[in-house]
Amino acid sequence: MRPHTGLRPYLATAFLARLAEEGMAVAVVMLAVHRTGSVAQGAFVLTAWTAPHVLAAPLTGALAERIRSPRLFYLCALGGLAAGIAALAAVTGRAPLPVVLAVAALGGSCGPVATGGLSSLVARLVPEGADRDRAYALDAATYNAVSVAGPAVVSAIAALASPAPAVVLLAVSAAGAAALASVLPHARPDGDGRAASAPTTLRADLGAGLAAVWRVRELRAVTAATSLAFVGVGGLTTTAVLLAGGRGRPDAGGVLMTALALGALAGSLAAARWLRSFPAQRLVPVCLTGAGLLLAAAAAAPSFAAQAALFAAAGIFEGPLLSATLRIRADHSPAGVRAQVFTIGAGLKISAASGGSALAGAAAGLPPHVLLLGIAALQLAAALLHRLLRPRPRRAEEPSAGSGAPAGDHRAAAPN
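Under the numbering used here, the residues of the sequence shown are numbered 1 to 416, in order.
Hints are computed from structural coordinates only; laboratory data are not their basis. Check the hints yourself; a few may be wrong.
Listed next, with one range per pair, are the computed distances between beta-carbon atoms [as the list claims (entries may be wrong)]: (1) Pro302 - Arg68: 58 to 68 Å; (2) Val39 - Val99: 12 to 22 Å; (3) Ala40 - Val172: 23 to 33 Å; (4) Leu388 - Gly365: 42 to 52 Å; (5) Arg66 - Arg94: 18 to 28 Å; (6) Ala179 - Pro302: 43 to 53 Å; (7) Ser277 - Val39: 22 to 32 Å; (8) Leu160 - Ser277: 43 to 53 Å; (9) Val370 - Ser69: 49 to 59 Å; (10) Arg94 - Ala377: 22 to 32 Å; (11) Ala305 - Pro96: 27 to 37 Å; (12) Arg35 - Ala152: 14 to 24 Å.
Glycine included, each C-beta is placed from N, C-alpha and C at the ideal position.
With the hints as extra help, turn the sequences into a complete structure.
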């Protein structure tokens, strides 16, 4: 079986897992409010669900690398995600709050598997080159697709019935992902033909993943830049609501975010079709700059319709940015720590987005266009940061991306 024949079942697995993960951000709050009438309790449960994502990310990546059978690991981890969602549907509003929070924290600990963990599998399933670049563009499209479909599905079911069936559906989606993960093709143990490293302890593996993100300049540059950009992205939802309210349409904030997500989906699909051979290192600052300029233009747009169009245009740059980020992580991760690099990167972006959301809430008294200009400035600053941190091009022939020693940082071969 050729390695890339596993791409279609992988994409189906990723879509179902990420649909559950994305939908929970809305469904868990709606369920708590529906059963208890307390918005505060909904916020507490959501925090308990998302907080472990950051803490569990390095451990998730380390375990994914150490376990011999990726299929078994992802079957168990996604099964845990499904069980956590189902348990939360059963206890929210019916059990004491500490119990609900504990269940949410346990279920949320499986969240990194649906994001960075699964994305690290692509490099095992698809050979290096244009096919892998296309695969990561399609992988990015699954993130963008669920950012539209997840909240929409949850809201529709909640409107027709109640939030509880919506949460149950998300559990079924995660269970479906687990079932599909169990039949994914066997992947090469090191993903790109590199020799397996000597056995190490779990503690050493955790340190190796963090060291790789710091020492490999390509990884450090893209991680720092995207984390800074996500401080702004995290504040976009609040800002969109305020922008719509300023136009006399307080209920239309979701329209702006949907436009952004649809644009990102279109951008990811376009990257898969036309940008497969475009260097990922060059694509990152281009996309950050494009998104920043378009969001700045949206701040000065004369009408709500113009703002929605500019949000969609900004989203077109967000899609290829994610694709390029995934490609850089795959190409420059040292042997044995690729899954950790993916999960740590995803965890840092979630943390940055949470911080950005808090900042936007604290600054909600400012004019909405000022907030949006601040978000745009963060995208432009992230583009500049990436340019400052990435390795300078070399005149001599570069070592291959999969060599484990990217140009500009030969220490990457031994991140410990």
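The hints, checked one at a time:
Between Pro302 and Arg68 the beta carbon distance is about 60 Å. The supplied range of 58 to 68 Å therefore holds. The hint said 12 to 22 Å for the Cβ distance between Val39 and Val99, and at roughly 20 Å that hint holds. At roughly 29 Å, the beta-carbon separation of Ala40 and Val172 lies within the given 23 to 33 Å, and the hint holds. Between Leu388 and Gly365, the C-beta spacing of about 33 Å breaks the proposed range 42 to 52 Å.
Take Arg66 and Arg94: their Cβ atoms lie about 38 Å apart, and the range 18 to 28 Å is violated. Between Ala179 and Pro302 the beta carbons are some 50 Å apart, a value that agrees with the proposed interval 43 to 53 Å. Against the hinted window of 22 to 32 Å, the Cβ-Cβ separation of Ser277 and Val39 comes to about 49 Å, which falls outside the hint. Checked against the given bound of 43 to 53 Å, the beta carbons of Leu160 and Ser277, roughly 46 Å apart, stay inside it.
Range check, Val370 to Ser69: about 52 Å between beta-carbon atoms, so the 49 to 59 Å window is met. Roughly 45 Å separates the CB atoms of Arg94 and Ala377, a value that falls outside the hinted 22 to 32 Å. Between Ala305 and Pro96 the Cβ separation comes to about 48 Å, which falls outside the hinted range of 27 to 37 Å. Between Arg35 and Ala152 the Cβ separation comes to about 22 Å, which falls inside the hinted range of 14 to 24 Å.
Hints 4, 5, 7, 10 and 11 from the earlier list are contradicted by this structure; the remaining hints agree with it.
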